[in-house]
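Trainee: Residue strings, one per chain:
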Amino acid sequence: MNKIKLTLREAPKVVLESEVITPDRFLDQSNEEIRASVVYHGKRQKRLDDFFDVDGERSDHIDIHGDLTRVRHIGRGMTRGSVTIHGDVGMHLGAMMSGGAIEVHGNAGDWVGGEMKNGKIHIHGDAGQQVGAAYRGSVIGMRGGTILVDGDAGIEVGMRMRRGLIVIGGAARDFVGLQMKGGTIILCGGAEIRTGAWMQRGTIVSLKQLALMPTFAECGAFNPTFLNVYARHLDQLGIKLPYAEEQGRYLRYSGDRGVPGKGEILIWEPVG
Amino acid sequence: MTCTLGEVKNRADFIVYWGGNPAECHPRHFTKYTLMQKSRFLPRGRKDRTMVLVDIRETKSVKAADVFLQVRPGKDFELITILRAMIKDQPISDAQLAETGLTREQLQDFVTRMKAAKFGVFFFGMGLSMTRGKHMNSAALLTLAAELNAFTKFVAMPMRGHGNVTGADVIMRWQTGYPFGISFNRGYPRYNPGEFSTVDVLVRGDTDCNFIIGADPGATMPKPAIEHLASVPTIVLDPHVTHTSKLARVHITTAPAGISAPGTAYRMDEIPMPLRPALESPYPSDEEVVRRIKETILKKPDWMGERPQMLTSQVG
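Protein sequences, first through last, are from chains A and B. Just so you know, we're using this note's numbering here: the first sequence kicks off at 43 and counts up by one. Just so you know, we're using this note's numbering here: the second sequence kicks off at 2 and counts up by one.
Everything labelled a hint here was simulated from the structure, so no lab data went into it. Beta carbons are placed, not taken as given, at the ideal position from N, Cα and C, and that holds for glycine. Careful: at least some of the hints might be erroneous.
Unchecked claim - Here are the computed distance ranges between Cβ atoms for each label pair:
no. : chain 1 : residue 1 : chain 2 : residue 2 : range
1   : B       : Gly-164   : A       : Glu-311   : 48 to 56 Å
2   : B       : Tyr-284   : A       : Asp-97    : 53 to 61 Å
3   : B       : Arg-133   : A       : Thr-267   : 32 to 40 Å
4   : B       : Lys-135   : A       : Arg-89    : 53 to 61 Å
As the list claims (entries may be wrong) - Here are the simulated DSSO-like cross-link-like pairs (lysine-lysine), alpha carbons at most 27 Å apart as the crow flies:
no. : chain 1 : residue 1 : chain 2 : residue 2
5   : A       : Lys-85    : B       : Lys-301
6   : B       : Lys-89    : B       : Lys-33
7   : A       : Lys-85    : B       : Lys-295
8   : B       : Lys-119   : B       : Lys-33
9   : B       : Lys-300   : A       : Lys-304
10  : B       : Lys-10    : B       : Lys-33
11  : B       : Lys-33    : B       : Lys-48
12  : A       : Lys-55    : B       : Lys-119
13  : B       : Lys-48    : A       : Lys-55
14  : A       : Lys-162   : A       : Lys-250
15  : B       : Lys-48    : A       : Lys-85
16  : B       : Lys-224   : A       : Lys-55
17  : A       : Lys-304   : B       : Lys-224
18  : A       : Lys-55    : A       : Lys-159
19  : A       : Lys-45    : A       : Lys-223
20  : A       : Lys-250   : B       : Lys-76
21  : B       : Lys-10    : A       : Lys-304
22  : A       : Lys-88    : B       : Lys-48
23  : B       : Lys-33    : B       : Lys-76
24  : B       : Lys-224   : B       : Lys-247
25  : A       : Lys-88    : B       : Lys-301
26  : B       : Lys-247   : A       : Lys-55
27  : A       : Lys-55    : A       : Lys-85
What the hints assert, rightly or not - Just a few of them, taken from the derived set where beta-carbon distance is under 8 Å, the chain B residues facing chain A:
no. : residue
28  : Lys-89
29  : Asp-95
30  : Gln-97
31  : Thr-132
32  : Met-137
33  : Pro-190
34  : Asn-211
35  : Phe-212
36  : Gly-215
37  : Ala-216
38  : Asp-217
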């Protein structure tokens, strides 16, 4: 497969805004055109090859190597192809994307998949704050697609999300699913406080006990039928969601009554 | 939703201080605006007003309050969300209420009083906006105030401290459309607190030069931010020697605004107040220093290059 390989020569001193690194743009660009792409180093316009070594051309598969902690907006608004990052990456990874796949072998910054519409993001390390969240002043966050984080995540995961799936393998911090309007968040390692605050609709599944808001009402324990189907879908993504009755059951909580909302939080309670 | 302190003075019959200690931090607030003043609509002054204090501990302000609600530390967001549910008659169990450290009678009384008020005001302090949850705690109280407008007139106003902090917000707002956390690196203002707000930028070390006017982040910000201030060129404009100016590469002494330099300060309700200098100072004003720096910078070549340079696919 024809691939474009970008290697960061040295970490930028200030933030490097490089929304040009998307499969959509590189697909019909020659090596010279890719090298000449404009990136913003702080306030200054620079060429992409001031920072990166570029190998390959005309492909929608991009491999990036190096410590990209200060490189922001990679894969912004992408619709196809793939981006693979070997190293840590900065904010707004895959924001507003509507297709394609991003894989990060390292940690990611804030706003991973902010307001994304479709596609898949897989972070093998930790993610920052506001995963799949809405930008400030925006009413709707993530509208579809899948975000998988193997490690921990920061505050406000899935803030105002409308549809889609977020899976956090490690522990999440405060305000998971803040004001969420739909979609699914799966917390494999639990979360800190105020999970599901102000949620209107949507589902949060937690495999660990949660400290819930006082505005959630207890609605009994059961094994929801849809989780059997959902668990099979998640199995394809490599996530094991327990659902069998002999293993345990889910405690269901409904809220947030402050809104008032009809969101649900399902907390797994294993047998014994 | 907010109003001026003049409106509070003339009309507010229900005043809530949340997470603040006005008796010690804003000592003239009670007498000048909120409690003691008589007006056409509140002819008996203090007797026509009700004051509720919500805080985690008993402070000197308790004496001035009609009702004191002692909330458990770190439970403000939960309490406000419960109140949001209660004003809509949503059921909340006693066990859930107990988490906030208050009883059902106290909260039901508070809700009844809020709904019965003619003009209610929330004043919220750092006890709310600077504890765990931060901006969401403030957002919760603002939302509660907005929702109470289904029943009566209600407004919320932050209790601002320090010199002209409101002024900085107001000026940034009418100049750019955003109050703080703004980046101009693309030649137009972009707003994103958490990404461009001062403390986050400094903690991550995303700057290669800092220019600080009339503030002392070296005294208040977290350690990594202070270390970053010391590690890159920092320029400080301040009348005094501060923690920040000791870290800075350059410290330009300026005339203190309002004492030796004229200007406009904004009151906490965003009313501009002209300041007339009382004393003369040998130092230039902040405005003059910034203007002279700007004139020098303008002689350099334009850095913006080709326009437009909007962040692509920002919408849609």
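Trainee: Mind checking the alpha carbons of Lys-88(A) and Lys-301(B) for me, to see if they're no more than 27 Å apart?
Mentor: holds, 18 Å
Trainee: Run the distance test for Lys-119(B) versus Lys-33(B): straight-line Cα separation, threshold 27 Å.
Mentor: holds, 20 Å
Trainee: Has the given pair, Lys-55(A) with Lys-119(B), been kept, meaning a C-alpha gap of at most 27 Å?
Mentor: This hinted pair is violated, its Cα atoms lying about 56 Å apart.
Trainee: Does Met-137(B) meet its interface restraint, that is, does its C-beta lie within less than 8 Å of any C-beta in chain A?
Mentor: holds, 6 Å
Trainee: Does the nearest C-beta of chain A fall within a distance shorter than 8 Å of the C-beta of Ala-216(B)?
Mentor: Violated, about 21 Å.
Trainee: Holds or violated: the hint that Asp-217(B) contacts chain A, with Cβ atoms closer than 8 Å.
Mentor: violated, 24 Å
Trainee: Would the stated hint for Asn-211(B) survive a check requiring a Cβ distance to chain A of less than 8 Å?
Mentor: violated, 12 Å
Trainee: Is the hint on Gln-97(B) kept, meaning its closest Cβ partner in chain A is under 8 Å away?
Mentor: Constraint on Gln-97(B) satisfied, holds at 4 Å.
Trainee: Holds or violated: Lys-89(B) as interface residue toward chain A, Cβ cutoff 8 Å?
Mentor: Holds. Min distance 6 Å.
Trainee: Check the hint pairing Lys-48(B) with Lys-85(A) against an upper bound of 27 Å on the C-alpha distance.
Mentor: Cα-Cα ~58 Å, so violated.
Trainee: Measure nothing beyond the straight line between the CA atoms of Lys-88(A) and Lys-48(B); if it is 27 Å or shorter, mark the hint as holding.
Mentor: With Cα atoms ~67 Å apart, Lys-88(A) and Lys-48(B) exceed 27 Å; violated.
Trainee: Would the pair Lys-304(A) and Lys-224(B) pass a check requiring their Cα atoms to be no farther apart than 27 Å?
Mentor: Violated, because 42 Å separates the two Cα atoms, which is more than 27 Å.
When held up to the earlier numbered hints, the structure conflicts with 4, 6, 9, 12, 13, 15, 17, 18, 19, 21, 22, 23, 29, 31, 33, 34, 35, 36, 37 and 38 and fits the remainder.
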